[in-house]
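There are 4 protein chains.
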Amino acid sequence: MVVVMNETATEEQIQKVIAKLVEMNFDVHRSTGVNQTLLGGIGDHRNIDTRNFELLDGVHEVLRVTTPYKLASRAFHPENTVVKIGDVVLGGETVAVMAGPCSVETQEQMEIIAAAVKKAGAQILRAGAFKPRTSPYSFQGLGEPALKILQTVAKREGMLTVSEVMEVAQLPLLLEYVDILQVGARNMQNFNLLRELGKCRKPVLLKRGLAATIEELLMAAEYLMAGGNYQVILCERGIRTFENATRNTLDISAIPVVHKLSHLPIIADPSHGTGRRDKVAPMARAAVAAGADGLIIEVHHDPDNALSDGAQSLFPTQFSALMDELRMIAQVIGRKL
Amino acid sequence: MVVVMNETATEEQIQKVIAKLVEMNFDVHRSTGVNQTLLGGIGDHRNIDTRNFELLDGVHEVLRVTTPYKLASRAFHPENTVVKIGDVVLGGETVAVMAGPCSVETQEQMEIIAAAVKKAGAQILRAGAFKPRTSPYSFQGLGEPALKILQTVAKREGMLTVSEVMEVAQLPLLLEYVDILQVGARNMQNFNLLRELGKCRKPVLLKRGLAATIEELLMAAEYLMAGGNYQVILCERGIRTFENATRNTLDISAIPVVHKLSHLPIIADPSHGTGRRDKVAPMARAAVAAGADGLIIEVHHDPDNALSDGAQSLFPTQFSALMDELRMIAQVIGRKL
Amino acid sequence: MVVVMNETATEEQIQKVIAKLVEMNFDVHRSTGVNQTLLGGIGDHRNIDTRNFELLDGVHEVLRVTTPYKLASRAFHPENTVVKIGDVVLGGETVAVMAGPCSVETQEQMEIIAAAVKKAGAQILRAGAFKPRTSPYSFQGLGEPALKILQTVAKREGMLTVSEVMEVAQLPLLLEYVDILQVGARNMQNFNLLRELGKCRKPVLLKRGLAATIEELLMAAEYLMAGGNYQVILCERGIRTFENATRNTLDISAIPVVHKLSHLPIIADPSHGTGRRDKVAPMARAAVAAGADGLIIEVHHDPDNALSDGAQSLFPTQFSALMDELRMIAQVIGRKL
Amino acid sequence: MVVVMNETATEEQIQKVIAKLVEMNFDVHRSTGVNQTLLGGIGDHRNIDTRNFELLDGVHEVLRVTTPYKLASRAFHPENTVVKIGDVVLGGETVAVMAGPCSVETQEQMEIIAAAVKKAGAQILRAGAFKPRTSPYSFQGLGEPALKILQTVAKREGMLTVSEVMEVAQLPLLLEYVDILQVGARNMQNFNLLRELGKCRKPVLLKRGLAATIEELLMAAEYLMAGGNYQVILCERGIRTFENATRNTLDISAIPVVHKLSHLPIIADPSHGTGRRDKVAPMARAAVAAGADGLIIEVHHDPDNALSDGAQSLFPTQFSALMDELRMIAQVIGRKL
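Chains as they are written, first to last, in our numbering: chain A, 15 to 351; chain B, 15 to 351; chain C, 15 to 351; chain D, 15 to 351.
These are calculated hints, taken from the structure and not from any lab test. Incorrect hints may appear among the rest.
One copy or two, either will do: identical chains are not told apart, so a pair holds if it fits within one copy or between any two.
Unchecked claim - In silico lysine-lysine, DSS-like type, Cα no more than 25 Å apart, as pairs:
{"no.": "1", "residue 1": "Lys132", "residue 2": "Lys216"}
{"no.": "2", "residue 1": "Lys98", "residue 2": "Lys169"}
{"no.": "3", "residue 1": "Lys30", "residue 2": "Lys274"}
{"no.": "4", "residue 1": "Lys133", "residue 2": "Lys213"}
{"no.": "5", "residue 1": "Lys133", "residue 2": "Lys34"}
{"no.": "6", "residue 1": "Lys213", "residue 2": "Lys84"}
{"no.": "7", "residue 1": "Lys169", "residue 2": "Lys34"}
Source: prediction; values computed, not measured.
Next comes chain A alone, as it looks inside the complex (with noise of 0.2 Å):
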């Protein structure tokens, strides 16, 4: 932590500074300057509410040198995560495409989705049990029926299965029956959730919140971390912006940043970053050529009739030229999908 003063702050200002730091068992290391007087606070201490400082008279700002977050930092441990789940590898040289439904319907709608998206090549199939949704009047998923289906019809695919876990109560259903356990944009910082999920050793797709910093979400894989779960595979899906032309802004520039700050790999979700159909291709493509690891993507066969989200889903034929498309980039970049 470094406490700069103001250009006007008196001695007496910088001794109780000076003071509080020492009592909170940080090193001092003092910079009297021209214009102003700097106080370092070495120390290991990642969790400072900095304000505590700021308030002191004399005080013009405060900075924290630490990253608030440890395990999910590249500083901490510099080589990648590879998160292997069978024969799917995230993190490493491929790049992992999940593709399914918005929600499970039936088991005739997953069959045929299933076949499809397996066909184009993706490894993992997705779809929705719980749905969280803005309007009570609204469809809100099967439940556990859905689940058996979704991996039921896997296992026939050979795909493994991702499936969003929406509270702690769902957790042992969700253990159960899927792979892959997401946590929804909303539930970015439902911080229960996150240390029941951190005792788990099953992989987590964690979705970046609408108004989550790229520092909250690896503080959110923190707490995933911090309880023991490494296996966490980061989401981005969106940012609320001022702009309304999309639903959401897809913040492709996520993806170096992430792979700068972490270790851990990231995928993006073009679907709901986007909200429609015709905007799912280029961002897809777009979120390769930038280095994603991974893409989650919502596919269905009759997106007229999907109970939820079928204007963002695409048809299976246009998924398989995507899939065409982003093999292709993916192999400019060094990679393979």
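Using the hints, position chains B, C and D against chain A.
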């Protein structure tokens, strides 16, 4: 719903949209203009995904004309909702003040603070038992013992209580000890929690999410009301913007906007809305001047040693001076405090 | 400047950073901590691109510790700047009110409105001669004839005038006719215009840009002051956020923030800040309650037929009632209006 | 325009709205629904302030159905606009690349960089002569001598030139020396400048403002086109969001959105969009993968000593390697570079 066709849309494209509207049980009114054709879809469907029409050929834009919420809207319920709990009234002539520390720490701490805020005029004692913290290494709250202390101290002072419920499993405990159940900003769209709270018959203080629009706040209220719980108090507590001179941007204009769109009372939280003690008083005054139905303010007798959020807590003397100012401002606009 | 090294930085990397700091004439203070090394660069350099250090190997982060503005900062000039123009004082005990129509339309229109706002207590008459309009098909202002009308009418009423200058070429004209030169939000970073205004010796009303941070607003003020023009009045007029229930989000908290960081007066514009007549009064009251040094408010006697922005103009009777409320709120916080 | 009445609106209120629509020369279509009445106002009025209707009693909401721009819209002009300058084509099959330093510093600097970017495949040489700087204490550009150097060096290399015009007074100079006139992000709504550029017959590169919606960008293009200058190239260069891990958030999705709404070409600026050299290559690849019609990239042979923005400039070897990747990505989506 109004479907706006492109200026170049063909008659065939228009007919396809009409067919789809009819199929979805809308009455269709067609308006053929100089430049464009408009198709009005008339019917009682609050829950349509307009994107399904946007993707049809020839469609320029689809405009939803019904608000997605109903029970929370002033059109449905023109009179103000007045929440009465004992002698305390929210949404009426009086401006109600909730005050107390961020977290319950000890019985002694609560006694000192409760006595001070009661004397200054607060009617409701606030304090957290379960704390959502962005860092897994931070103080997480005392749990049930905190609730017991909160209840005991409030009773002695003749105050009501408000405390946050973070997940469904905590609900029985909260119901036993507190008078107003608080839903935190991060849980505004925790739909399972909202659904359970909708079944309760205790008032809910619903905080606006950091990135939630006012419409989404009212949708969340709708979840509660759809379950039969009409005692909903909304709370503006700051939104995330590009400005970082303050922790969040307290959106004071949300107060008159909510008063126009909804009949529900709305209060403001200047402590979380600014994150710094020296900004709390000006923003509390601003909120009351703009017509807020109440305030929730953090107060601590020893903020330097508070276990959480000390930096945004007022000293009791500051709170007392602020209450005097608020009393006079309330009078200016014909209210009492 | 403080350069924070990575936890894994090598001694060689640290030495390279030190060499670069020395090369740029910084005194270097090194603090070696348990986890990390910090390098304090001490010197009077407000104008360093810190990214040049961020890109060096082994560097975690670079923190600027000097504000990039100096003349505008309270550290440099602890006393409030008080702008005096004739009998009108901005930044002192009094809250000054500027009022009038969006645009000058006719002499008669100006006479009616000026008489009304003067009677209600406004001291400064506002009206535009040159209008920046988002549509090329909209009314663009009357130009010089408008300025003549503004000056004539204000003189008769014993008022001062404020009007917007949109580009350097208009400056001579504005200097001839108005008392306060307004820089619009879209021109806050029109540096050529700021530079020319810095050479003038007339007060400038500098509006915060729609997407400008408070720091950038103070940097723009610095441009004016660096030229020798110290009579700068800042104006909060709403920022762009994700919320679109209001045209912009009036950032009331900018008022106490500016008062802490700078000695310059700050006023608020609730008309542009909300964009709708029915939100102007609550937000005007909020701004004064938060400590604004003044207000600028649009008033029109016939807003339905105004050539621009009628929807956000108060009727004269509304303005008069608002002024009565504001007078009482100002008193509560020890000010006059 | 569609006026949506409140569910509780009276017949009298409805009649008043109809009367106002008729008064403003709209044809009125009334749709009476189960819950609400809709009034469609049909007519060729792109320039209506819808707030004038919103404020009428009984009105719930007013929806504009005509885009506020016309010449820039794809509905008006379904074919892509292809800007041809000499051998260079923007908006066609080819992806055009503009490259060069942030500012012209010396003839030697320009010769080195121009030779390098030309060899790597860039067709257009970029460099600033007038620099808008947020600090009054920063390098402000060399002015006319810079333009002479730019022109001389570009001619020798057989390249076109692009440089920024900051105000109307600079226009004659820029017209003399450069092939493409750049409007910077801060000037996107400098309507006087746009109006003058509309009278020119040289291509304009129009950068999206930091806080401008895509609709506003197209409105700014409309200003140019309304004056008769149809050679408009749009440029996405990053928007301001709450995330500050990057200088701005490059909105890659603006590329497919513009391609749907407008016929104008759009390029991307990954240098300003990210602000850091190590993020430029991934974002440049993403932009081309998403369908950008071109790129503008900062390159400097000695960025450590660049007078401005060195931190976001690529080294020539990095640029050359990037161009090789871009060439392959362009092919994947059926384009050339």
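**Asked** So which hints don't hold here, by number, going up?
**Response** 4, 5 and 7
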